[in-house]
Structures are given as structure tokens and as C-alpha cells.
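A.B. asks: Going down the list, the protein sequences come from chains A and B.
Residue numbering for the first sequence follows full-length UniProt numbering, beginning at 1 and increasing consecutively.
Residue numbering for the second sequence follows full-length UniProt numbering, beginning at 1 and increasing consecutively.
If a hint is listed, it holds; no wrong ones were tucked in.
Below, computed lysine-lysine pairings styled on DSBU-like, alpha-carbon distance capped at 30 angstroms:
id, chain 1, residue 1, chain 2, residue 2
1, B, K84, A, K202
2, B, K64, B, K36
3, A, K84, B, K202
4, B, K224, B, K64
5, B, K202, A, K78
If you are wondering where the hints come from, they were derived from the structure by calculation, not from laboratory data.
Below, each chain spelled out in residue letters.
Protein chains: 2
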Amino acid sequence: MNHNQLLELLERHAGEFLSGEELSRRLSISRTAVWKQINKLREDGYEFEAVSRKGYRLLRVPDKLAVSEIQEKLTTVKFGREIKLLDTTETTQVEARMLAESGAQSGTLVIAEEQTGARGRQGRRWFSPARKGVWMSMVLRPSCPLSFAPQLTLLTAVAVCRAIRKVSDVEAGIKWPNDLLVAGRKICGILIESVGEDELIKYCIVGIGIDANLDESDVPDELKGIATSLKIESGLEIDRAALIGAVMNELEQLYEMYVTEGFAPIGHLWEALSVTLGRRIKVRTPQGEKSGLATALDPAGALTLMDDRGEMYTIFSGEVQLD
Amino acid sequence: MNHNQLLELLERHAGEFLSGEELSRRLSISRTAVWKQINKLREDGYEFEAVSRKGYRLLRVPDKLAVSEIQEKLTTVKFGREIKLLDTTETTQVEARMLAESGAQSGTLVIAEEQTGARGRQGRRWFSPARKGVWMSMVLRPSCPLSFAPQLTLLTAVAVCRAIRKVSDVEAGIKWPNDLLVAGRKICGILIESVGEDELIKYCIVGIGIDANLDESDVPDELKGIATSLKIESGLEIDRAALIGAVMNELEQLYEMYVTEGFAPIGHLWEALSVTLGRRIKVRTPQGEKSGLATALDPAGALTLMDDRGEMYTIFSGEVQLD
Chain A
1 MNHNQLLELL ERHAGEFLSG EELSRRLSIS RTAVWKQINK LREDGYEFEA VSRKGYRLLR
61 VPDKLAVSEI QEKLTTVKFG REIKLLDTTE TTQVEARMLA ESGAQSGTLV IAEEQTGARG
121 RQGRRWFSPA RKGVWMSMVL RPSCPLSFAP QLTLLTAVAV CRAIRKVSDV EAGIKWPNDL
181 LVAGRKICGI LIESVGEDEL IKYCIVGIGI DANLDESDVP DELKGIATSL KIESGLEIDR
241 AALIGAVMNE LEQLYEMYVT EGFAPIGHLW EALSVTLGRR IKVRTPQGEK SGLATALDPA
301 GALTLMDDRG EMYTIFSGEV QLD
Chain B
1 MNHNQLLELL ERHAGEFLSG EELSRRLSIS RTAVWKQINK LREDGYEFEA VSRKGYRLLR
61 VPDKLAVSEI QEKLTTVKFG REIKLLDTTE TTQVEARMLA ESGAQSGTLV IAEEQTGARG
121 RQGRRWFSPA RKGVWMSMVL RPSCPLSFAP QLTLLTAVAV CRAIRKVSDV EAGIKWPNDL
181 LVAGRKICGI LIESVGEDEL IKYCIVGIGI DANLDESDVP DELKGIATSL KIESGLEIDR
241 AALIGAVMNE LEQLYEMYVT EGFAPIGHLW EALSVTLGRR IKVRTPQGEK SGLATALDPA
301 GALTLMDDRG EMYTIFSGEV QLD
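Build the full structure now, drawing on both the sequences and the hints.
C.D. replies: Put into C-alpha cells, the structure is as follows:
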């Protein structure tokens, strides 16, 4: 017997109780086997009410992603038109990179319900529990110089921020270069891995992790006060398929704009969503710590900082802390 | 029996003939086995004179690289201090990339006597016959922004060009961005693969292929008139170990200069060795073909081109053809 027969039976009788005895008889399996399967389904996110003498009643089907459901939301030509949906994986970045190395086309998307070993910037662990977030990586093959890769990082932040605002009404803002925050707490991480040959980009892996439906109780202790989720902020369950679709739509639209008009319009959108500009910040750079006022985004996507003596610095990379 | 016993015997009697019968007796192997081993050694580049009734005489030991011999030439702290020397491999780029992924330190060098599937820019086949050239790839972990990767490409071209001039007196020049030419023919190819995370470089693989000791007869027909070698140009056999050492020394020295003083001094060295600047060129770019006068190298390492109407263009990437 597989899950599906038990599940079918319970779904057909949704709202009703079915006794363990009856389930056992109708499926020709032992009552212990029924109990084991119920527990397995609970691990997968199904919820049951179990009442003695009455049996089991299916209360809630988990929010599982389906490729068809995501693709219904797409208005894109290429982005998200090839989707590899995984139940669990170490990290979608590695999956996508393998696909890219074996020739996957630009726009190919890898999504996992759960990641067991995901990493953010600088190798930091990225918590990605099953069915609670959007954990995905897209193959991008831009025909542009490697020196433009940082602009793609900013472009992605703009796309995800706009998608979040459309789907959830949560007013996320961008911390330079590509963290999304809500009231100072992180709601999304973006990591772009680029592989280049000489001065050209061969491909990028655009990694996006959005804390969509985590409850306060899902947030690990060490992240309390630091991380939040769209559900925590809005009080509403987010339709993850709609969110993924919206991210793909925004990303393709902005990318087309970037290819035809260059970085300027993307830079303006970034500035409008920024929570860094006009703020006093501290930045840890490879050359040491700097602090001052974040004044502008330069045309290459670097951050301009003015220190207390009025000297200007260009920050190409570093970790920003808002004062 | 292994090669070495037969080889030792022949080397000890260098200049003398040893008969197949004697070799067979002294090594306690059959005469067929002696003949097979001799053929195997010939494939490895050893040369023998075989005269009936007299036997075999060792004429020439192949120019095989040895790690110790290379390291004697080094004045570096890190570059080339870890060397993986392979007899044959598909491509040293992939070997070096695997080492980088498993944590190899900056300066780790992979050298192969022969490459069976090496590729240059845009996937073009790179001919790398056994013991005739310098086929190598170095792991570099620069702590600089990804947007600076094209500068490392130019830096590498300068380092190799200077090393070639030191070791061989061949006046190689640089065609933008990183081909080395002698009288219009290619003598060295450089390919830098960069892997970045957001705006930072994680690591680079600096691939260098120098046509050192190819004879005219080694150059495949389709490359005649296009490729040359240091030996063809100078008439002299090049000490490959000395050349590898010189490349490592130049590379580390220029890299240190780059880290402390920025790109400006490297740019000046590049300009001094360039065969592109001041010439009429055609460039195939992803945006189409442009032609005009190559006027300058910009601070980011891009090429400035002035077309016939006096309009200036910045070329970030493309294939240059000298008019």
C-alpha cells in the first residue's frame, strides 16, 4: 500500500471520521500500518484529528507546490518556463549549477520544498524548512561583461521586492546590495553566483530565499529579532505559487529593461526601494570598517559613502549595518 | 619489471649499444618484453638508435618537467609553491577548478605535460601536445570585487609577456585583451575563469598555454600561419621549467603591485607591451562588429575605440582583429 490510497480515502471523506478498523479493512492492511502511514503523512504536513472510538479525520492538506500551479501565474517568455521542483535537496544553488554546466537554458528554475544545507552570503547557514518558504535558484545566461554582474545582483533585489509588495502588501525594502528587510528584520536573502570566462559572464545562478509562511514558532532562537516572514508581518498565509510567479514575471521584465535600456532605470527603481540611502551606516569591507552616510548608488552599482569629515568612498563590497 | 630498470641500464651505458639479448638477460625478461618497453619509452619521448646485431643505444632523454626543477626557479611566496604535475589530462582548468572547490590555497598550480581536451576562449580547441609547451592553470583567490576580474586578465597577459621576454628574448606583444602574438602569430593563450558570489570573487582559475617547443612540423595544418612557438621564433629549445618559474615570479610580483597600488601601473605596463593600441582594428562584440582606431585602455581595462566619424566606443568584450 502506498500513501495515496489512504490519502484518497481520507480526502474522499473529508470532514468525516474514519475508524482505524475501517481504514484497515478497506485498504487490507493492519491497524499498525494505518497508524504508521498517518504519522508519515503528518510529517509531510497533513493534519488529522484523532478521536478514540471515532478514528481519524483529515483537517488540513499541506501547501505543496505544483509546477502547473506556478506556470499558470507566468507572463514570461523564458523565465520559469522550465521548472525542476524537488521535495528536498541540500541546496538549489548546486542543483541549478549542475543544470547550467550541462547546458540548461537561461530561465531554468530549480525550486525545493526544503533545503537541508543552504548557504547565504559568506557561507552563512540559510534556514529553509519544508513548505514554509520560497527556496529557489534560476539559471541566467546574460550576454554581458563580467564587470556588470553586481548590477544583476541589484536588479534581482528590485524584482523580488516588487513581487513581494504585489503579492503580499508587505512593504519590504532593500539593504545594499541585496537583502530585503521589513522593519529592520530580514525577510529575503539573495545570492548570485557568477561564472565568467575572461571578461564575459558564462552563466549566473540567481539564488532567492524568501521567508514566506514561517510562523514565529518556526524561527530558530538565534534568528529571533533578526528574521521575519511575510506571514508574520501580514498575518496572512502567502500563496507561494503566486509569489514565485510574480518573482519570475518581475525578473524577466526588469532584465529585458536592463538589456535594452542599461542599468540607469534599474538603479532608479533600486533607489526608490532602498532602506540604505540617506542613512548612517557601518560597512565591514575587506579593507576594514568604514562608517558614514550612504549617499548614492553609483552607475556600476557600488555604494557611495560620506564619512564624518566629508570624504567620499566607493564601496564595492561589504556587509552593511544600519545605524 | 618497470621502465626504470631498463632505462637505468640504458642511461648507465649512454652512447653505447646494448643488444636486445643482453638487455633480456640482465633484466630477466623476454626479448619481446624488451622491444615492447623500448616502444613505450619512445612514446614517452625517449629516442633510441636501433641497429641490427648491435642493439639499442639511448640518444635522447625527453624534456620532462620536474616539480623540484620548477621550484628552484621560484622567488615567490605563494605562487607555484604547491604544484600538481600531471602527465596527461583533459584540461588543467578543470583539474584546478576541482582543487579550488575543495579549498586549495591561492597560488596552487596544475601543470600537464599534455592536454587532450583543452579549450580556449569561446570553447575553441587548444592544441597542447606532450612536452612541447607550458600548459598550466593556477588557483587565485583575490579579495577584490568581481567587477575587477577583467583587470586580472590584463595583468596575467603582462606577466606572461614579460616572462617570455626574459627567458627567450622573443619579443611577444599583447593583443587586447590577453592574446600574446609574435609578428602577428599567436604564441600564447590565456583564459581566466572566475567564480563570484554576489559582488565578490570567490576564486579565479588562471589558465595559461604557451607554445614553447613546438617545431613547425608540430603545428597542425589549420593553425599554420596563425600559431607559432618560442622555438620556431628563436631557433632555440626553451627551458620550460625556467619559463614556468618566470611566469610565477612575474605574476606574483605584478599581483602584489596590483593589490597595493591598484590597476594604474599594470595598465601602463600593458600599454607598453600592447600591439593593439594605435592600430586600426575590427572587433566582433556581442552587439555586432565595430571598426576603428584602438586609442586607449580605460581604467577598468576596457578598450577605447574611435570610429571613422570620430565617435568613441568602449569595448568591454569581443574578438579583436588587427587590420
